[in-house]
Amino acid sequence: MGSAILVVAEHDNATLKPATLNAVAAAGAIGGAVAVLVAGANCRGVAEAAAKVAGVGKVLLADAPVYEHRLAENLAPLVARLAAGYSHVVAAATSAGKNLLPRVAALLDVAQVSEVVAVEGPDTFVRPIYAGNALATVRSGDPIKVVTVRATGFEPAPAEGGAAPIEAVEATADSGLSRFVGQELSRSERPELTSARVVVSGGRGMQSGENFKLLEAVADRLGAAVGASRAAVDSGFVPNDYQVGQTGKIVAPELYIAVGISGAIQHLAGMKDSKVIVAINKDEDAPIMQVADYALVADLFQAVPELARELDKA
Amino acid sequence: MKVLVGVKRVVDANVKVRVKGDGTGVETANVKMSMNPFDEIGVEEAIRLKERGVASEVVAVSAGAAACQETLRTALAMGADRGVLIETEAELQPLAVAKLLKAVVEREGPGLVILGKQAIDDDCNQTGQMLAALLGWPQGTFASKLAFEGERLSVTREVDGGLETVSLRLPAVVTTDLRLNEPRYASLPNIMKAKKKPLETLTPAQLGVDVAPRLTTLRVVEPPPRQAGVRVSSVAELVDKLRNEAKVI
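Same order as they appear, the protein sequences are chains A and B.
Under my numbering, the residue at position 31 of the first sequence is numbered 31, and the numbers go up by one with no gaps.
Under my numbering, the residue at position 10 of the second sequence is numbered 10, and the numbers go up by one with no gaps.
Treat the hints as calculated values from the structure; they're not laboratory data.
As the structure is a prediction and not an experimental result, all values here were calculated from the model.
One should not assume that every hint holds.
[Claimed, not checked] DSS-like mimics (lysine-lysine), calculated; alpha carbons at most 30 Å apart, straight line:
1) K50/B <-> K145/B
2) K313/A <-> K247/B
3) K272/A <-> K213/A
4) K20/B <-> K213/A
5) K195/B <-> K2/B
6) K32/B <-> K197/B
7) K32/B <-> K272/A
8) K193/B <-> K102/B
9) K196/B <-> K102/B
10) K241/B <-> K313/A
11) K275/A <-> K313/A
12) K272/A <-> K247/B
13) K195/B <-> K282/A
14) K275/A <-> K241/B
15) K272/A <-> K241/B
16) K213/A <-> K241/B
17) K275/A <-> K16/B
18) K282/A <-> K313/A
19) K32/B <-> K20/B
20) K247/B <-> K282/A
21) K2/B <-> K197/B
22) K50/B <-> K196/B
23) K32/B <-> K193/B
24) K145/B <-> K2/B
25) K272/A <-> K20/B
26) K102/B <-> K197/B
27) K16/B <-> K272/A
28) K2/B <-> K102/B
29) K272/A <-> K282/A
30) K241/B <-> K282/A
31) K213/A <-> K247/B
32) K32/B <-> K196/B
33) K50/B <-> K193/B
34) K275/A <-> K20/B
35) K247/B <-> K275/A
36) K193/B <-> K2/B
[Unchecked claim] Computed from the model, here is a short list of chain A residues facing chain B with C-beta under 8 Å:
37) S95
38) N99
39) Y130
40) P239
We put the beta carbon where it would ideally sit given N, CA and C, even for glycine.
Construct the complete structure from the given sequences, taking the supplied hints into account.
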């Protein structure tokens, strides 16, 4: 029996977020017809982008002011209503996906499978537990499988190549339960942490937010995103959205450079699937040095500027 | 306003967990257990609301084996007024816990429910959102700041790009993120006092909730280990290796 999968797109009304491509890829791994729901306000451009994604069979567009900020209270009833025609509801395990999908699952009276990293069958999924210290394979017996997908587990579906039809769907009424007030988003010219090819992260060893400029100099030369350990965020060096770790962002870039990070379990949980890990630390016994492919025991205040200079050499 | 907080008993965050030899789960026998750290933040926030005169009573709720009493006693020692244990030996999954909490909410009538955003054992991050859905209440997930404004609650949320603020109509469900507060340690006199605070025990059957698991765990394995790396002696050697060996730059 073929599956019918509804993927909830992540977007900001203007652009389709890359994590959606990983969610579409996971839907492809489940196998079956893939529909993408774009719910937002004045978001036809996003629907057009979703229609081009390879593997997408149909785009559902719910374009209404009530979805402008994608409040879960308004969006969950829509997704739950549409889900009746599907065997799976899938979204990326981003802060938006994690906020929305459990609410959908409860409205449908079904379980959710969180942060899936592999698909073993239409009802069987692999997910990390205990901060990635164990991998559980679980089977859902519910009629509709609600699944959030860890982006690093699935190569993104190609953003081009599809030509899916766009179908308008009727909006739900405003729940009246919640209101969007505002947001403070970090402005950055750098790539997004979760989709960057290279990530340079700093820990408590950086000693101050000012010193993160040293990392930025390296990041500029590598086209990298800048991240941080929980210790650095808690110390106020950088904002919360820099945090890589179990409770922050999960990254798996080609190259992860950890600077002045000791490597607490919860940090390792967020980056240990990186292809190549570099650690720069003055403590040779730091746990990060055990997982690093290349470990450099050095004072970061000398090594990091030197790294920037070295990268300038052809 | 009454505030209800959920507390889960989990393997302590500092324990290096081991997968059982038979692949059925993680070793929990003879392992230090503690309150889920995000729930501690929830208890702390509720107590602060009481100290500020916003909350009239703080009720801590836990679901699971009899040993969850210890977790409730910890919440009482921190400053919660009373505890409710929903005792069962059954495996509890988030949807079942949300249903149990809904039943307790209907008995207690709180104006606010605070839960941790996720438990550090199953890492599900579901129960708060599910509870809000079942109650038809708004949800303020991943909260880093709460502010009461009359009949509404303003919640600052930690989202991927930074911070987002939403205004919720009360009653509401809030789930805590790391930076909401720093939980206090219970003092010895308060630990002694907590032993005398009321702790009610209920069962899922008394609450009329079917807790049968919806997901079956087929197996649990260790993640594949990483290959041991090498030490490099200089920045120049590092860059050379990254360029010519790993070929990532």
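Comparing the hints with the structure gives:
Simply put, K50/B and K145/B have alpha-carbon atoms about 16 Å apart, close enough for the 30 Å limit, and the pair holds. For the hint pairing K313/A with K247/B, the CA-to-CA distance comes to about 16 Å; that is within 30 Å, so the pair holds. Proposed proximity of K272/A and K213/A is supported: the alpha carbons are some 24 Å apart, at most 30 Å. Restraint check for K20/B and K213/A: not satisfied, since their Cα atoms lie roughly 45 Å apart, outside the 30 Å limit.
Of the supplied pair hints, the one linking K195/B and K2/B holds, its CA atoms being roughly 22 Å apart against a limit of 30 Å. Restraint check for K32/B and K197/B: satisfied, since their Cα atoms lie roughly 24 Å apart, inside the 30 Å limit. Between K32/B and K272/A the CA atoms are separated by roughly 25 Å; this keeps the pair inside 30 Å, and the hint holds. Taking the CA atoms of K193/B and K102/B, the gap is near 29 Å; set against the 30 Å cutoff, the hint holds.
Of the pairs offered as hints, the one joining K196/B and K102/B holds, with about 27 Å between alpha carbons and a cut-off of 30 Å not exceeded. Proposed proximity of K241/B and K313/A is supported: the alpha carbons are some 14 Å apart, at most 30 Å. Under the criterion of a C-alpha separation no larger than 30 Å, the hint pairing K275/A with K313/A is consistent with the structure, at around 24 Å. Restraint check for K272/A and K247/B: the C-alpha separation of about 19 Å stays at or below 30 Å, so the hint holds.
For the hint pairing K195/B with K282/A, the CA-to-CA distance comes to about 47 Å; that exceeds 30 Å, so the pair is violated. Taking the CA atoms of K275/A and K241/B, the gap is near 14 Å; set against the 30 Å cutoff, the hint holds. Using a Cα cut-off of 30 Å, the hinted pair K272/A and K241/B holds, with the two alpha carbons roughly 20 Å apart. Taking the CA atoms of K213/A and K241/B, the gap is near 25 Å; set against the 30 Å cutoff, the hint holds.
Proximity of K275/A to K16/B is assessed by CA-CA distance (about 24 Å); at most 30 Å being required, the pair is judged to hold. A distance of roughly 25 Å separates the Cα atoms of K282/A and K313/A; the hinted pair therefore holds under the 30 Å criterion. Between the alpha carbons of K32/B and K20/B the distance comes to roughly 16 Å, so the proposed pair stays at or under 30 Å and holds. Distance hint between K247/B and K282/A is fulfilled; the C-alpha atoms sit about 25 Å from each other, no more than 30 Å.
Taking the CA atoms of K2/B and K197/B, the gap is about 17 Å. The hint holds against a cut of 30 Å. Proximity of K50/B to K196/B is assessed by CA-CA distance (about 20 Å); at most 30 Å being required, the pair is judged to hold. Pair hint K32/B plus K193/B holds up; C-alpha atoms about 23 Å apart against a cutoff of 30 Å. At most 30 Å may separate the alpha-carbon atoms for a hinted pair to count; K145/B and K2/B meet this at roughly 19 Å.
For the given pair, K272/A sits about 22 Å from K20/B by alpha-carbon distance, which is consistent with the 30 Å threshold. Between K102/B and K197/B the CA atoms are separated by roughly 23 Å; this keeps the pair inside 30 Å, and the hint holds. For the suggested pair K16/B and K272/A, the alpha carbons sit about 16 Å apart, so the restraint of at most 30 Å is met. Our distance criterion of 30 Å between C-alpha atoms is met by K2/B and K102/B, whose separation comes to about 15 Å.
Simply put, K272/A and K282/A have alpha-carbon atoms about 20 Å apart, close enough for the 30 Å limit, and the pair holds. About 20 Å separates the Cα atoms of K241/B and K282/A, which keeps this hinted pair within 30 Å; it holds. Between the alpha carbons of K213/A and K247/B the distance comes to roughly 26 Å, so the proposed pair stays at or under 30 Å and holds. Between the alpha carbons of K32/B and K196/B the distance comes to roughly 24 Å, so the proposed pair stays at or under 30 Å and holds.
Straight-line distance between C-alpha atoms of K50/B and K193/B comes to about 18 Å, which keeps the hinted pair within the 30 Å bound. Our distance criterion of 30 Å between C-alpha atoms is met by K275/A and K20/B, whose separation comes to about 28 Å. Restraint check for K247/B and K275/A: satisfied, since their Cα atoms lie roughly 11 Å apart, inside the 30 Å limit. A threshold of 30 Å between alpha carbons decides the hint, and for K193/B with K2/B the separation of about 21 Å falls inside it, so the pair holds.
Proximity of S95/A to chain B holds as hinted, the smallest CB-CB distance being about 4 Å (cut-off 8 Å). The criterion of a C-beta within 8 Å of any C-beta in chain B is met by N99/A, whose closest approach is roughly 5 Å, and the hint holds. With a least beta-carbon distance of about 5 Å to chain B, the hint placing Y130/A at the interface is held under the 8 Å criterion. Interface hint status for P239/A: upheld, as the beta-carbon distance to the closest one in chain B is roughly 6 Å, under 8 Å.
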